[in-house]
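Chemist: So the protein sequences, as listed, match chains P and A.
So that you can map any letter, position 364 of the first sequence is 364 in my numbering, and since no number is skipped, the others follow by simple counting.
So that you can map any letter, position 34 of the second sequence is 1034 in my numbering, and since no number is skipped, the others follow by simple counting.
Some chain A residues close to chain P (C-beta under 8 Å, calculated; not the full set):
#1 LEU1059
#2 ARG1060
#3 ASP1061
#4 VAL1083
#5 HIS1099
#6 ASP1100
#7 GLN1106
#8 MET1110
#9 GLN1113
#10 VAL1114
It should be emphasised that the hints constitute simulated quantities derived from the structure, not laboratory data.
Nothing here was measured: the structure is a model prediction, and the numbers come from that model.
Cβ coordinates follow ideal geometry from the N, Cα and C atoms, glycine included.
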Amino acid sequence: MSGVLAALFGRLPIGWLQLTHSRTRFAAALAGVSFATILVFMQLGILGALNQSTIAPYDHFRADIMISSEDANTLTDGGNVARTRLFQALGVPGVAEGAPILIGDLVLQMPDGSSSSLQTFGLNVTDARFVSPETASQMDLLRQENHALIDTATRGIPAEAFDGLLAGSPFPFEIQGTTLTAVGTLQVGGGFTADGTLFVSEQTFLRTSPNRAAGAPSHILLNVDEGADPAIVVERLRATLPMDAVKVQTLKDAAAADLAYQTTERPTGIIFGFGVVIGIIVGIVIVYQVLSTDVADHLKEYATFKAMGYGQTFFLGIVLEEALVLAIFGFIPGLLVSLGLYAGMSSLTGLPVAMTPDRIAMVFVGTVAACALSGAIATRRLAAANPADLF
Amino acid sequence: MSGGPPIVVRGLNHFFGHGEARKQAIWDVNLEIARGKLTILMGPSGSGKTTVLTLMGCLRDVQEGSVRLLGAELNGASEADLVQLRRRLGFIFQAHNLHDSLTATQNVLMGLQVHGKGDPVKQAKAASHILDLVGLGDRADYLPGNLSGGQKQRVAVARALVSNPEIIFADEPTAALDKQSGQTVVQMLKQLGQDRNTTTVMVTHDNRILELADRIITLEEGRIAKDVIQEKPLQIVQSQSVS
Ligand SMILES: Nc1ncnc2c1ncn2[C@@H]1O[C@H](COP(=O)(O)OP(=O)(O)O)[C@@H](O)[C@H]1O
Ligand SMILES: [Mg+2]
Chain P
1 MSGVLAALFG
11 RLPIGWLQLT
21 HSRTRFAAAL
31 AGVSFATILV
41 FMQLGILGAL
51 NQSTIAPYDH
61 FRADIMISSE
71 DANTLTDGGN
81 VARTRLFQAL
91 GVPGVAEGAP
101 ILIGDLVLQM
111 PDGSSSSLQT
121 FGLNVTDARF
131 VSPETASQMD
141 LLRQENHALI
151 DTATRGIPAE
161 AFDGLLAGSP
171 FPFEIQGTTL
181 TAVGTLQVGG
191 GFTADGTLFV
201 SEQTFLRTSP
211 NRAAGAPSHI
221 LLNVDEGADP
231 AIVVERLRAT
241 LPMDAVKVQT
251 LKDAAAADLA
261 YQTTERPTGI
271 IFGFGVVIGI
281 IVGIVIVYQV
291 LSTDVADHLK
301 EYATFKAMGY
311 GQTFFLGIVL
321 EEALVLAIFG
331 FIPGLLVSLG
341 LYAGMSSLTG
351 LPVAMTPDRI
361 AMVFVGTVAA
371 CALSGAIATR
381 RLAAANPADL
391 F
Chain A
1001 MSGGPPIVVR
1011 GLNHFFGHGE
1021 ARKQAIWDVN
1031 LEIARGKLTI
1041 LMGPSGSGKT
1051 TVLTLMGCLR
1061 DVQEGSVRLL
1071 GAELNGASEA
1081 DLVQLRRRLG
1091 FIFQAHNLHD
1101 SLTATQNVLM
1111 GLQVHGKGDP
1121 VKQAKAASHI
1131 LDLVGLGDRA
1141 DYLPGNLSGG
1151 QKQRVAVARA
1161 LVSNPEIIFA
1171 DEPTAALDKQ
1181 SGQTVVQMLK
1191 QLGQDRNTTT
1201 VMVTHDNRIL
1211 ELADRIITLE
1221 EGRIAKDVIQ
1231 EKPLQIVQSQ
1241 SVS
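Please model the complete structure; the sequences and the hints are all you need to start from.
Modeler: The following block contains the structure:
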């Protein structure tokens, strides 16, 4: 290692030699950097889970445009939309087809008394074009009254409970006094508001939710004509529909707006966002502490180098070398531990806590930058001082 | 390089501290140090020897008066100029100040690499040669932690001398050493200086070194109290081994 670095720098790899000189101190420094990365990864993991579980329900649908109640910030809050909006929309040039969806939270009762809340979607089962292929292929199964597609990753229900269903035998369960039969499955998992997902027909949905009406679905999905620009069609719809009652967005924009609302306006999102900021600050403080301590401990030696005629770029070089070594060798164990913690968290909570390549790259770059910056700051004292005052 | 004296000090004053605590440590020091000679600075503890030495050696900013080092004025010199000047000097401190994660050879190499990347093979040869000269050829790959005090100080001497500096400054280089190793280190310095016509300025309390000096300057309370030129200093003859 030291030979490779020497060839690379054209000088002795002092940073590397200095860091590895005392194994225990090196280990402690690496542990510090690892801890900082773990902290940031955990906070990002939780925020990511919120984002993921916010976006996930939108992925069940295949549509260009969504009409929602004017006060609906998410899929589940706000009022309903009058079904007549669907017919009005179909009259707008560029709109090819539309379908209502009903969304509600239903509580599934297990025979042992436990319960799980399911985000339930009521669909027009004669039209499979508005749902993801996974659901579309099972759509016909829902035509029969009280049939359902159930989420096998539902939090609170042991995975083994679905073994029979996956093998082909129907799975009866009780929901608010009505017995439904799961005849197909999907795999979504829990989020911050519900434990799982359920798909039923519109009729079945209305039967389990007596306070909902066929004339007032939760949202209306639209597809545009082949070749039409959804953004332009959205503008036309906005001009046609009463904007004090409904809002019209592309499905993509609706998902993005939901995400923004969850992370910047809802307390959970704000708290998780703070967690990330605090994690990053604490991480930077740890990394700075590690590097500035190392510089302080070697001030005499550095002063000697300065007396010999080494300039500030040399010290910056050493410290950046150290920063890079610490960042790389501290990041790797930090990442591995974080992957383990992610797996543990998602199996404990059922939340989609998962690592993404983007996040790995982002935290790595952040770690290197924090280390480099801390190192550069730590050498400033050296730059200002007379060598004679440092011995 | 002109033929003038390598160090010329005129009207040098120096102060430590600020405000109420400001205290003058050096009072109107005037000096010319001759090329190729061993000059010794003596005086009681606190008399200003280290201060004068570090002022002449670019290790402390000159506040008042003038220090001309190798033809360059240090008062008001830029950091970049100071860095360049320091590369032409060799410093040996009371504490060896070796980098404890570098081997003896690597510490010595630091004295060479300050001049640029250079040829690694040549550098390795030079380092090994100078370590042989200070009698540590067999300890070249030792870390300072595994060397005795005298050996460490000899590595520090090797580090200071390896790049053939024009002036060597040494601040009580033997203070931390026993009699025997102290003697070895000083004789080595004297001999290497003699061989290379290096100018050496050394602070020491050690009486046994005085007889080697060309000139002995005594400081008292920040002023030059005595300045003696020895016409016939003891020469180290080649047969005397330095190891
Ligand atoms: N960094 C400093 N800050 C304040 N006073 C100092 C400092 N260095 C030296 N002095 C003072 O300057 C005077 C000369 O010190 P010094 O040059 O170290 O003497 P010597 O090397 O002869 O023992 C002493 O009175 C000392 O206390
Ligand atoms: Mg002193």
